[in-house]
Amino acid sequence: QTVVTQEPSFSVSPGGTVTLTCGLSSGSVSTSYFPSWYQQTPGQAPRTLIYATNTRSSGVPDRFSGSILGKKAALTITGAQADDESDYYCVLYMGSGISVFGGGTKLTVL
Amino acid sequence: EVQLLESGGGLVQPGGSLRLSCVASGFTFSSYAMSWVRQAPGKGLGWVSGISAGGTRTFYADSVKGRFTISRDNSKNTLYLQMNSLRAEDTAVYYCAKGPYGDYSNWFDPWGQGTLVAVSS
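Listed in order, the protein sequences are those of chains P and H.
Just so we're aligned, residue 1 is where the first sequence starts under the working numbering, counting upward by one.
Just so we're aligned, residue 1 is where the second sequence starts under the working numbering, counting upward by one.
Be a bit skeptical, because a hint or two may be false.
[Unchecked claim] Label-pair ranges, simulated between beta-carbon atoms:
1) H/G44 to P/L110: 16 to 24 angstroms
2) P/V60 to H/Y101: 17 to 25 angstroms
3) H/T28 to P/G43: 28 to 36 angstroms
4) P/M94 to H/G10: 29 to 37 angstroms
5) P/V60 to H/D62: 26 to 34 angstroms
6) P/S26 to H/T58: 33 to 41 angstroms
7) H/G102 to P/S58: 34 to 42 angstroms
8) H/S17 to P/S67: 40 to 48 angstroms
9) H/K76 to P/A82: 41 to 49 angstroms
10) H/S71 to P/V3: 24 to 32 angstroms
[Unchecked claim] Mimicking DMTMM-like on lysine to aspartate or glutamate, the simulated pairs with C-alpha atoms at most 20 angstroms apart in a straight line are:
11) H/K76 to H/D103
12) H/K43 to P/D87
13) H/K43 to P/E7
[Unchecked claim] To give an idea of the chain P side of the interface with chain H (calculated C-beta under 7 angstroms), a few residues:
14) A45
15) P46
16) Y93
17) G103
These are computed hints drawn from the structure, not numbers from a lab.
Note that the coordinates shown come from a computational prediction; the quantities given were computed from them, not determined experimentally.
We put the beta carbon where it would ideally sit given N, CA and C, even for glycine.
Can you make the complete structure from the sequences, with help from the hints?
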């Protein structure tokens with residue numbers, strides 16, 4: 001059973017930069033997994049930030065960027081703002097129509 | 001503008017059935033893969049099921065395989081999720097999400113607002 005790993009929580013100062021990661025319990029993440037990232041605030045539907053590793057969804061500011069860093073996919077937020085405080089989820093496509101979500105990272109901006 | 005509108009959620013007893021619908025607009029529905037994703041109360045997101053653009057290929061998470069059936073009616077721009085033999089652990093908000101062009105939901109963009117399914121006696 002493949003597990004997608006994310007940091008449970010992270011904090012960043014306003015105006016700061018933070019990088020969240022998305023890994024595999026076994027193996028390395030590559031672009032072949034089409035890593036994607038989603039932002040969710042309580043009571044709201046998820047919002048797509050990044051798909052296919054580094055493509056920003058429509059309307060997403062360029063403060064959000066995606067990449068592969070070492071063995072993991074990464075979401076970097078620069079110039080963090082108060083309304084970036086949210087849960088962030090990554091998804092990896094495992095092939096054969098199957099996608100797996102990470103457990104999510106709760107980001108605090110303080 | 002792409003819009004996805006789910007409906008069909010509600011309270012159902014364990015062992016019961018429910019059918020969710022998702023009406024899509026703002027894009028050529030028949031050209032895109034679609035998926036259902038759920039979120040149990042206080043928990044993270046979890047992929048449930050996906051379907052190819054033409055509806056000929058379907059995919060399921062192990063937790064729902066054999067109990068849930070995904071389908072689509074491209075003439076009505078509507079995605080469905082038939083849920084049978086429901087369990088308490090199926091209680092969640094169910095989201096409909098648009099995938100990429102083609103057969104596989106490599107990612108989800110955008111999402112509907114969700115519909116709540118509660119399984120309880």
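*With respect to the beta-carbon atoms only, verify the hint that H/S71 and P/V3 lie 24 to 32 angstroms apart.*
Roughly 30 angstroms apart at Cβ, these two residues keep to the hinted range, so it holds.
*If you draw a straight line from the CA of H/K43 to the CA of P/D87, is it 20 angstroms or shorter?*
holds (11 angstroms)
*Does P/Y93 pass the interface hint, meaning its C-beta sits closer than 7 angstroms to a C-beta of chain H?*
Holds. Min distance 4 angstroms.
*asked:* Between the beta carbons of H/T28 and P/G43, is the distance compatible with 28 to 36 angstroms?
replied: With Cβ atoms ~31 angstroms apart, the hint holds.
*asked:* Quick check: does the Cβ-Cβ distance between P/S26 and H/T58 fall within 33 to 41 angstroms?
replied: violated (27 angstroms)
*Holds or violated: is there a CB of chain H closer than 7 angstroms to the CB of P/P46?*
With a minimum Cβ separation of about 5 angstroms from chain H (threshold 7 angstroms), the hint on P/P46 holds.
*asked:* Given the hinted pair H/K43 and P/E7, is their Cα-Cα distance within 20 angstroms?
replied: Given pair H/K43, P/E7 holds - Cα atoms ~15 angstroms apart, limit 20 angstroms.
*Outcome for the supplied range 41 to 49 angstroms, where the beta carbon pair is H/K76 and P/A82*: Between H/K76 and P/A82, where Cβ atoms are some 42 angstroms apart, the hint holds.
*How does the Cβ-Cβ distance of H/G102 and P/S58 compare with 34 to 42 angstroms: does it lie in that range?*
With a Cβ separation near 19 angstroms, H/G102 and P/S58 fall outside 34 to 42 angstroms, so the hint is violated.
*P/V60 paired with H/D62, Cβ distance criterion 26 to 34 angstroms*: Taking Cβ atoms as reference, P/V60 and H/D62 lie about 32 angstroms apart, which means the hint holds.
*Does the hinted range 17 to 25 angstroms hold for P/V60 and H/Y101 at CB?*
Holds - the Cβ-Cβ distance for P/V60 and H/Y101, about 20 angstroms, lies within 17 to 25 angstroms.
*Given hint P/G103 near chain H, where the shortest CB pair must fall under 7 angstroms*: Holds: closest Cβ of chain H sits about 5 angstroms from P/G103, inside 7 angstroms.
Of the hints listed earlier, those the structure fails to meet are numbers 6 and 7, in rising order.
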